[in-house]
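Numbering (the working numbering) for the sequence shown: 1 to 79.
Accuracy of the hints is not assured; some may be wrong.
[Said to hold, decoys possible] Simulated restraints, written as ranges between beta carbons of each label pair:
(1) S77 with Q32: 16 to 22 Å
(2) G31 with Q52: 24 to 30 Å
(3) G31 with A51: 24 to 30 Å
(4) T55 with G31: 16 to 22 Å
(5) D27 with D72: 16 to 22 Å
(6) V18 with A66: 23 to 29 Å
These are calculated hints, taken from the structure and not from any lab test. Built from N, CA and C at the ideal position, the CB exists for glycine as well.
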Amino acid sequence: MTDDAPVTEAPVAEEPDVRRLDDLLEDLYRGQERISQADIYRRAVSAELPAQLLTRIAALPEGEYAVDEAADLLGGSVT
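Could you build the full structure based on these sequences and the hints that come with them?
Written as structure tokens, this is what we have:
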């Protein structure tokens with residue numbers, strides 16, 4: 001007897017929702033040239049971004065970032 005049931009693979013861990021990150025960055029940087037890591041983190045927490053994204057933001061060195069720098073470091077696509 002053969003088992004013709006399809007083989008299912010374990011689910012692949014999904015990347016955090018980059019659209020939410022991009023939306024946050026676009027909102028944060030509207031009218032701003034540079035934003036501090038602490039301000040980005042505070043806004044991300046209040047926006048209830050996923051824990052994986054919050055961890056990435058928390059790992060950024062202290063300092064100020066332009067939108068393209070923040071997007072590059074966090075995996076976003078805002079430029």
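We went through each hint and held it up to the structure:
As the Cβ distance of S77 to Q32 is approximately 19 Å, the hint placing it in 16 to 22 Å holds. Look at G31 against Q52: about 28 Å separates their beta carbons, and that is inside 24 to 30 Å. Between G31 and A51, the C-beta spacing of about 29 Å keeps the proposed range 24 to 30 Å intact. A hinted range of 16 to 22 Å for the beta carbons of T55 and G31 is inconsistent with their spacing of about 28 Å.
Between D27 and D72 the Cβ separation comes to about 18 Å, which falls inside the hinted range of 16 to 22 Å. The supplied range of 23 to 29 Å is broken by V18 and A66, whose beta-carbon atoms lie about 18 Å from each other.
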